[in-house]
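Novice: Here are the chains, one letter per residue:
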Amino acid sequence: MNWMWLKFAVQNTLRNRRRSLVTVSIAALGTAGILLGGGFALSTYQGLSEMAARSTGHLIVAQPAQFDRDEDTPLQHGLDNAAELREKLLADPEVRQVLPRVSFSGLISNGDKSTVMMATGIDPDSEFAVKGPFLSVTAGEVLSSGTTAAEVMLGEGLARSLKAQPGSSLTLLASTTDGALNALDVQVKGVFSTGVPDMDARFVYTDIATAQKLLNTQRVSSLGVFLARMEMTEGAQQRVAGANPTLKVQTWLDQAFFYKGVKDLYNRIFGAMGLIIGVIVVFVVTNAMSMAIIERTREIGTLRALGTLPNQLLRTLGLEGMVLGGVGALAGAAVAVGVTVFLLVVPFEMPPPPGQTKGYPLIITFDALMYLATMISMVSLTVLTSTWVARKTVNMPVVDALAHT
Amino acid sequence: MSASDASVVELHGIHKTYHLGSHVIPALQGIDLTVRRGELLALTGPSGSGKSTILNLCGLIDTPDRGEIVLGTQHVNGLNEEQRTLLRRDALGFVFQSFNLVPVMTVAENVDYPLFIAGVPAPERRERVAAQLRAVGLHEHAHHRPDALSGGQRQRVAIARALVKRPRLVIADEPTASLDSHTADQVLDLMRERGHAEGAAFVIATHDSRLTSRCDRVLALLDGRLQ
Chain A
0 MNWMWLKFAV QNTLRNRRRS LVTVSIAALG TAGILLGGGF ALSTYQGLSE MAARSTGHLI
60 VAQPAQFDRD EDTPLQHGLD NAAELREKLL ADPEVRQVLP RVSFSGLISN GDKSTVMMAT
120 GIDPDSEFAV KGPFLSVTAG EVLSSGTTAA EVMLGEGLAR SLKAQPGSSL TLLASTTDGA
180 LNALDVQVKG VFSTGVPDMD ARFVYTDIAT AQKLLNTQRV SSLGVFLARM EMTEGAQQRV
240 AGANPTLKVQ TWLDQAFFYK GVKDLYNRIF GAMGLIIGVI VVFVVTNAMS MAIIERTREI
300 GTLRALGTLP NQLLRTLGLE GMVLGGVGAL AGAAVAVGVT VFLLVVPFEM PPPPGQTKGY
360 PLIITFDALM YLATMISMVS LTVLTSTWVA RKTVNMPVVD ALAHT
Chain B
0 MSASDASVVE LHGIHKTYHL GSHVIPALQG IDLTVRRGEL LALTGPSGSG KSTILNLCGL
60 IDTPDRGEIV LGTQHVNGLN EEQRTLLRRD ALGFVFQSFN LVPVMTVAEN VDYPLFIAGV
120 PAPERRERVA AQLRAVGLHE HAHHRPDALS GGQRQRVAIA RALVKRPRLV IADEPTASLD
180 SHTADQVLDL MRERGHAEGA AFVIATHDSR LTSRCDRVLA LLDGRLQ
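Quick note, the sequences are listed as chains A and B, same order. Residue numbers for the first sequence follow numbering that gives the first Met the number 0, beginning at 0 and rising by one. Residue numbers for the second sequence follow numbering that gives the first Met the number 0, beginning at 0 and rising by one.
Quick caveat, the hints were computed from the structure, so don't treat them as lab data. Wrong hints could be hidden among the right ones.
[Claimed, not checked] Computed spacing ranges between beta-carbons, pair by pair:
id : chain 1 : residue 1 : chain 2 : residue 2 : range
1  : B       : Pro25     : A       : Ile375    : 50 to 60 Å
2  : B       : Pro122    : A       : Leu371    : 51 to 61 Å
3  : B       : Pro122    : A       : Ser289    : 32 to 42 Å
4  : B       : Gly71     : A       : Asn394    : 24 to 34 Å
[Claimed, not checked] Quick list of in silico lysine to aspartate or glutamate cross-link-like pairs, EDC-like style, CA-CA up to 16 Å:
id : chain 1 : residue 1 : chain 2 : residue 2
5  : A       : Lys391    : A       : Asp253
6  : A       : Lys262    : A       : Glu49
7  : A       : Lys6      : B       : Glu108
8  : A       : Lys212    : A       : Asp177
9  : A       : Lys391    : B       : Glu80
10 : A       : Lys112    : A       : Asp184
Using N, Cα and C, we set each Cβ at its ideal position, and we do this for glycine too.
Generate the whole structure from the sequences, applying the supplied hints.
Specialist: Pasting the structure below:
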């Protein structure tokens with residue numbers, strides 16, 4: 000490309016500065032809107048995916064039937080050789096921790112009142128070491144491994160329902176793996192909140208030994224495999240599945256129904272937003288370029304008379320679109336970066352989502368690829384629109400263009 | 000035929016009609032015309048007599064309904080739009096009544112433009128533009144925008160733009176109509192001088208009798224016919 004065409008294009012955009020400023024502003028606002036919306040969606044995806052992986056483990060290893068079929072009795076499809084399998088999995092250099100889980104349901108009673116519980120038996124020290132403060136403890140303490148006493152942590156709503164507090168004695172009732180009914184007295188060690196009232200009204204955590212004692216088994220439901228990084232998930236899944244052909248290995252994504260639902264919803268919302276912004280930009284650029292070209296019809300006729308080919312004129316008018324879109328895209332990206340940095344310096348708390356009790360910090364992710372793709376799209380859009388608007392005038396008969404008033 | 004008598008453009012049996020709604024307007028009715036190298040040919044006649052139509056046809060920006068146009072040795076009737084554009088770029092210059100300079104370009108850039116689109120190398124363009132601006136007395140205004148110039152100066156820029164690529168033919172449509180009489184005289188002198196210096200023929204449509212008296216040949220048109 001000869002720089003004179005670009006210089007000519009830049010000079011033409013400066014003919015009507017106010018009109019060009021409006022066009023650039025719309026392109027800038029559109030770019031910033033897409034980048035900020037996209038950055039918010041990305042940070043949400045990132046947060047939810049990490050939360051999902053931290054909850055289940057990056058990989059979940061279990062008997063195939065554990066994923067595919069309902070159990071007739073507790074732990075019917077559980078793993079017998081969990082300790083041996085755990086050692087084997089820990090030999091993989093990318094595996095940071097392997098946590099056994101015993102998932103069961105039953106009743107929990109304070110003597111006067113019984114209610115349904117959804118319980119999980121965990122290895123407390125490893126669980127909290129790997130997952131960090133994944134529970135918000137509102138009273139008492141978290142569970143610890145190695146205690147002889149049978150202890151539980153209750154969800155906030157459940158504790159309130161049972162009028163329980165740290166130190167209270169409760170009874171767990173559940174069917175054993177043989178189908179008999181078993182009961183076990185436990186002491187409340189702590190109360191937690193997940194931020195989701197429905198879960199807090201049912202959830203119970205206990206140590207794995209207590210759960211196995213209640214269910215009268217040595218089995219575990221599954222093993223959660225925690226990796227060093229999210230990106231290792233796919234490779235590790237193939238390795239673990241290959242090394243354990245009788246077992247089934249799912250990833251966190253297979254069980255992240257909330258994450259998938261939110262991502263699907265956000266993709267639609269932000270996709271529609273991007274489309275609307277694109278249409279607005281097309282209309283604004285069409286309007287600006289149409290006016291510019293109508294005003295310059297006679298000049299275009301002169302340039303055609305002097306021997307300029309229509310394609311050369313289309314190129315320079317396309318370059319005008321590129322200048323407008325390019326400046327707008329750069330300004331929009333600068334605004335988006337500014338807002339992103341500002342939110343890091345001055346945190347802003349979002350209100351709790353529906354069905355939850357806790358808000359979350361508004362974080363905008365900076366993704367270089369998204370910035371590049373958005374800016375290229377914006378420039379392409381303005382170039383194509385300008386060229387499309389100009390094509391009729393540059394191809395009109397020279398005599399007609401020269402006679403235009 | 001001597002070199003000085005060689006024809007630049009020939010029109011043979013040219014007919015052209017315009018359609019305005021249901022009206023058919025015969026603009027040219029059997030025009031035969033030869034423009035010779037280096038001559039200043041004036042076309043006169045009342046409005047609607049066909050002067051501009053002849054200019055448009057000689058300038059290859061319009062096509063006849065019937066008849067043949069030969070530019071130098073090139074028969075142009077069968078050329079497509081791109082070929083006609085390239086022929087205009089290489090062989091023709093234009094001077095318009097209202098100058099038609101590009102306002103965002105400087106004087107030098109306006110004069111340079113025909114060379115730029117013809118792909119002339121930059122160093123040669125710089126030399127030719129400077130020489131042309133010196134010739135029309137606007138060298139010191141090279142970096143001014145057209146809106147900083149007077150009407151006469153603008154028309155001199157337009158003449159420099161028309162002649163910088165050394166065309167065989169310059170089409171000038173009422174080149175002095177927007178100028179006062181003194182400036183018009185100066186512009187006409189410049190066209191004569193530069194035309195002879197560059198060996199370019201001028202076909203000038205005009206109402207100005209002072210201008211016609213100083214042209215090499217004057218042809219009067221009436222109702223699309225040469226008188």
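Novice: Work down the list of hints and note, for each, if the structure agrees.
Specialist: Checked hints:
1. B:Pro25 / A:Ile375: 50 to 60 Å: holds, 55 Å
2. B:Pro122 / A:Leu371: 51 to 61 Å: Violated - the Cβ-Cβ distance for Pro122 (chain B) and Leu371 (chain A), about 38 Å, lies outside 51 to 61 Å.
3. B:Pro122 / A:Ser289: 32 to 42 Å: holds, 39 Å
4. B:Gly71 / A:Asn394: 24 to 34 Å: 27 Å Cβ-Cβ, so the 24 to 34 Å window holds.
5. A:Lys391 / A:Asp253: Judged against 16 Å, a Cα distance of about 53 Å means the pair is violated.
6. A:Lys262 / A:Glu49: Cα-Cα ~14 Å, so holds.
7. A:Lys6 / B:Glu108: holds, 11 Å
8. A:Lys212 / A:Asp177: It holds: about 13 Å lies between the C-alpha atoms, which stays within 16 Å.
9. A:Lys391 / B:Glu80: Given that 16 Å is the threshold and the Cα spacing comes to 15 Å, the pair holds.
10. A:Lys112 / A:Asp184: holds, 14 Å
Hint violations for this structure: numbers 2 and 5, all remaining hints satisfied.
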